[in-house]
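Colleague: The primary structure of each chain is shown beneath.
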Amino acid sequence: MAERDGPPEAAGGQRFVPRTRVMEPDDLRRATWRMAHEILERNRGAQGLVLVGLQKGGVWVAEQLVGVVREVSGADVPCGTLDVAFYRDDIGLRPVLTEEATDIPVDLTGRTVVLVDDVLYTGRTVRAALNALADHGRARAVQLAVVVDRGHRELPIRPDFVGKNLPTRSDELVEVSPTGVVIGDLAEPG
Amino acid sequence: MTGTNLLSVADLGPDGIAEVLRLADRFVEVSSRPIPKVPALRGKTVASVFFEDSTRTRLSFETAARRLSADVLTFSAGSSSLNKGESLRDTVGTLEAMGVDALVVRHRSSGVPWQVARWARRAAVVNGGDGWHEHPTQALLDCYTVGVERRARGLRPGLSGLRVGIVGDVRHSRVARSDVLAFGALGAEVTLVAPPTLLPPSLDGWGVAVSHDLDSLLGELDVVYLLRLQRERMTEALLPSLREYTAEYGLTRRRAARLAPDTLVMHPGPVNRGVEVDSDVVDASVITHQVANGVAVRMAVLFWLLGAGSAAGAPPGPHEAADPAAVALPGGGSDDARALA
Chain A
1 MAERDGPPEA AGGQRFVPRT RVMEPDDLRR ATWRMAHEIL ERNRGAQGLV LVGLQKGGVW
61 VAEQLVGVVR EVSGADVPCG TLDVAFYRDD IGLRPVLTEE ATDIPVDLTG RTVVLVDDVL
121 YTGRTVRAAL NALADHGRAR AVQLAVVVDR GHRELPIRPD FVGKNLPTRS DELVEVSPTG
181 VVIGDLAEPG
Chain B
1001 MTGTNLLSVA DLGPDGIAEV LRLADRFVEV SSRPIPKVPA LRGKTVASVF FEDSTRTRLS
1061 FETAARRLSA DVLTFSAGSS SLNKGESLRD TVGTLEAMGV DALVVRHRSS GVPWQVARWA
1121 RRAAVVNGGD GWHEHPTQAL LDCYTVGVER RARGLRPGLS GLRVGIVGDV RHSRVARSDV
1181 LAFGALGAEV TLVAPPTLLP PSLDGWGVAV SHDLDSLLGE LDVVYLLRLQ RERMTEALLP
1241 SLREYTAEYG LTRRRAARLA PDTLVMHPGP VNRGVEVDSD VVDASVITHQ VANGVAVRMA
1301 VLFWLLGAGS AAGAPPGPHE AADPAAVALP GGGSDDARAL A
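Here the protein sequences come in this chain order: A and B.
Residue 101 in the numbering used here is what sits at position 101 of the first sequence, and the numbering runs on without skipping anything.
Position in the second sequence (from 1) plus 1000 gives the number in the numbering used here.
Just chain B, same shape as in the assembly (with noise of 0.2 Å):
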């Protein structure tokens, strides 16, 4: 299977997210090499097209693809011909008339990565976090950090029936929508633990249970996801003061010691110390693991839309056609006749 684009986490469906995980383990190995690079995509361009601030998801992608040999094409707002008054779509022209083979794109709309897709011609797009709506990657180094440590704790690494706590301000987060999508889909529990107010209006169709009181499940949890307070997106009065805010829902270090021994303490980052929760427990969580993952897991989508080939999918070669022996060696030789394309 091989994908196009990746727009939401619900594009993977659960095959889809279990085999890009399979994909992120081997890139996991790559990036532990004296030499964290293979030549996979050596040849193509991948432009990251960013229309509002981010570090370490632009530069997690710039990673990612500088790893695979891709060339990489930095685009920021700020500094581009929007000012001068070029609109997104000739944006989106202009790259592809360089011969850009992936965008990645993030916007404080949500939707612009959609609106993109349908311009794109040839390149596959990759939504970077579009507004409120989804961050798909996040979601999917999420589910590959959860796994991974609780292997590295000698616990059962599938996510199904695991109980996650996704805390703090649903309303305004991207993250949210995505890891609801994702852990829903390998059969993770998921309660939304959030104040009234930052809850999106309607949670018809999610699928996850909600509570507004943060102490009554801390023994329960398996995974507590801090959400970042996003003030620069609040334009009302959600919350009648940061402290307020963290007496009921931050993760002090007083409700950290009653989370169970096993408990992976996660946040996708940038974190706000001493508001969502304390500093040291900031330390001894995995927030810093995520990170590190995300760059093979980010290697693992880029290699699964840009150099993955497929059987059933692509169309077979010159030579597949024209000689039999190139469709397939079953059991031997595993110098094959595929390399003659």
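If we strip away everything but chain A, and leave its shape as in the complex, we get (with noise of 0.2 Å):
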């Protein structure tokens, strides 16, 4: 089952407990039109570019920015799914995820790529989507854009286009939905 998504029963029987509401709906909406904006003024405009939502967190991301663009620009922006699950240097300690899919609908090679995740930590799986990605084609570039980043970076990696910076403890657990984005703690059960 995934840690991500199902229901907030964790592994050993620890489960989330939200603690503060630091992003409302409306917040999370003006984040994404501003990151939208900001994509299509890096690149000028909306030709060669691909967005690619990372499972499992980062496909609705992506699919809201692929909106705003379509809206401000008119242009229909490709834009896929990218699972990491083989490509992780995890692999084993983790279950994997099978319902989760990578669907990348275009070539890469010459396009630039803007990755999509909810969350940004230790950077590690945007370092296995970056592996990923390059069997999908050579990109003329990649960029990533993420709705939080929460520092505790373990490689070097940066967030072209951010959402929120939101200082946590790495004990925190972030949580971002349609509905906000919480942050809260792990706790025993009962």
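Don't read these hints as lab results, they were simulated from the structure.
If you're wondering where the values come from, they're calculated on a predicted model, not measured in any experiment.
Hints are not guaranteed to be accurate.
As the list claims (entries may be wrong) - Just the calculated beta-carbon pair ranges, DEER-fashion:
1) B:Lys1037 to A:Asp27: 38 to 44 Å
2) A:Ala75 to B:Leu1059: 42 to 48 Å
3) A:Gly48 to B:Lys1037: 25 to 31 Å
Stated by the list, open to error - List time: in silico SDA-like cross-link candidates among lysine to any residue, alpha-carbon distance up to 25 Å:
4) B:Lys1037 to A:Glu24
5) A:Lys56 to B:Arg1033
6) A:Lys56 to B:Asp1025
7) A:Lys164 to A:Glu63
8) B:Lys1037 to A:Thr109
9) B:Lys1037 to A:Gly110
10) A:Lys164 to A:Arg138
11) B:Lys1084 to B:Gln1115
12) A:Lys56 to B:Ser1032
13) B:Lys1037 to A:Asp103
14) A:Lys56 to A:Asp27
15) A:Lys56 to A:Ile157
16) A:Lys164 to A:Asp135
17) B:Lys1037 to A:Asp90
18) A:Lys56 to B:Asp1071
19) A:Lys56 to A:Glu24
20) A:Lys56 to B:Val1030
21) A:Lys56 to B:Glu1029
22) B:Lys1084 to B:Ser1054
23) B:Lys1084 to B:Ala1117
24) B:Lys1037 to B:Asp1071
25) B:Lys1037 to A:Ala101
26) B:Lys1037 to B:Glu1062
27) B:Lys1037 to B:Leu1023
28) B:Lys1084 to B:Ala1097
29) A:Lys56 to B:His1212
30) B:Lys1037 to A:Ser170
31) B:Lys1037 to A:Glu71
32) A:Lys164 to A:Trp33
33) B:Lys1037 to A:Arg127
34) A:Lys56 to A:Arg44
35) A:Lys164 to A:Arg30
36) B:Lys1037 to A:Trp33
37) A:Lys56 to B:Ala1018
38) A:Lys56 to A:Arg111
39) A:Lys56 to B:Val1028
Note that CB positions come from ideal geometry on N, CA and C, so glycine has one too.
Please assemble the complex out of the two chains, which come individually in their own frames, going by the hints.
Modeller: This is the structure:
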């Protein structure tokens, strides 16, 4: 079972306890709106762009960004999904989520790919995603858009587009969904 | 759910079969990429240990392992130290000492993979076909092929309620035994169609129907699964002649014309063209799709055995024990703390 989607019953019986709501749906909408504009500004339009949402939390964010880009520029930017389970450096330590799929609708060679995820933390998922992307063609450039950058990087990776910089402790959890962004803790059951 | 060995289809059960088939879907996508390779099993070693001739199963497993970035050792009995008198047990010990993570075993005697699994200390054992007994990965790829081909024809992809005819030399066929288990586990109704001499002595507990009349079934079958006439395993006169077999049980052009348009014609290979099936019926069948799907299904099996972790099954890594955030990130943060390990 996914530790990021399913019911907040985690391995070891610990569960997510929400503490502080840091973004409301409206804040989230404004942040996505701004990020879409920044993506267009940086790339001087939508020509040659592909947005790729990381399974699983990045997929809906990528779809929202593509929607705003369409509204603003009239361009239909291809939107893909990428599952990095086979590329992680911790294979064997976590369950594989068989319902998540990779779907890259176009050859990436010569295009600018914007990787989209909900939370940027250690950077290891992005590292795996970069390796996975390379198997789909040689992109002209790869950029990174995240809703929340919570710090604690373990690799030299930085985002290009950020919804919100959110300082956290590493024992906290950040939950991003269309209904907002919440910081919480893991609690023992009972 | 993860396994330690895949010896029989019965080890998996309906849920395990479904899980492997779902994984196979992912590996079909991987196989369709310009670079059909993922680093999932980098650093693992898979040995194919074949004591009996094989083309597709061995190549299929080795291709699958390479597409997962595993290293591959090929052992064939003919050119090994078995000729110098080394025992099977010592051979297994030697391979394990070289750090092999999985042994794909084929042997002409039934039960050898079980024996190897008892000897193996850490390597996972996959049954690549043992005697007349089982060939589980063939059954898995057959189930996968039925699902995919039916979906492609706009039909319900599930196997439950499908009428499957397994035709031919059931007696000597490990494919038939594994297919009966797998198709049965997924809810298909299986009929064995064969002359009495080519049926096993007892069918108690098989849960199948038996017929000696292929013609009367043709119009009702969703899947016609033809078995190879295993002439090399026939030690007694079980058939009057090949021509008589073809006349009664071969899927001739004339018989194929009477099948329903969506009926799938399958065969585990290698095909005796003109014996169990006419040559142009072969070309209209899904037999080559079975082979292509075999690679993805075997990738799924190897990944399921060697690569897939399990929150319930695997002991937590040191970071996970030390760091509460490493246990789970519900709902958020796919760049999650498990990556710490």
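Colleague: Each of the hints needs a verdict: does it hold here or not?
Modeller: Against the structure, the hints:
no.	hint	result
1	B:Lys1037 to A:Asp27: 38 to 44 Å	42 Å, holds
2	A:Ala75 to B:Leu1059: 42 to 48 Å	46 Å, holds
3	A:Gly48 to B:Lys1037: 25 to 31 Å	26 Å, holds
4	B:Lys1037 to A:Glu24	41 Å, violated
5	A:Lys56 to B:Arg1033	21 Å, holds
6	A:Lys56 to B:Asp1025	17 Å, holds
7	A:Lys164 to A:Glu63	18 Å, holds
8	B:Lys1037 to A:Thr109	18 Å, holds
9	B:Lys1037 to A:Gly110	21 Å, holds
10	A:Lys164 to A:Arg138	30 Å, violated
11	B:Lys1084 to B:Gln1115	21 Å, holds
12	A:Lys56 to B:Ser1032	22 Å, holds
13	B:Lys1037 to A:Asp103	16 Å, holds
14	A:Lys56 to A:Asp27	21 Å, holds
15	A:Lys56 to A:Ile157	20 Å, holds
16	A:Lys164 to A:Asp135	31 Å, violated
17	B:Lys1037 to A:Asp90	18 Å, holds
18	A:Lys56 to B:Asp1071	30 Å, violated
19	A:Lys56 to A:Glu24	21 Å, holds
20	A:Lys56 to B:Val1030	18 Å, holds
21	A:Lys56 to B:Glu1029	17 Å, holds
22	B:Lys1084 to B:Ser1054	23 Å, holds
23	B:Lys1084 to B:Ala1117	24 Å, holds
24	B:Lys1037 to B:Asp1071	13 Å, holds
25	B:Lys1037 to A:Ala101	16 Å, holds
26	B:Lys1037 to B:Glu1062	13 Å, holds
27	B:Lys1037 to B:Leu1023	15 Å, holds
28	B:Lys1084 to B:Ala1097	19 Å, holds
29	A:Lys56 to B:His1212	52 Å, violated
30	B:Lys1037 to A:Ser170	34 Å, violated
31	B:Lys1037 to A:Glu71	37 Å, violated
32	A:Lys164 to A:Trp33	13 Å, holds
33	B:Lys1037 to A:Arg127	17 Å, holds
34	A:Lys56 to A:Arg44	29 Å, violated
35	A:Lys164 to A:Arg30	11 Å, holds
36	B:Lys1037 to A:Trp33	37 Å, violated
37	A:Lys56 to B:Ala1018	22 Å, holds
38	A:Lys56 to A:Arg111	23 Å, holds
39	A:Lys56 to B:Val1028	20 Å, holds
In summary, the numbered hints that this structure violates are 4, 10, 16, 18, 29, 30, 31, 34 and 36.
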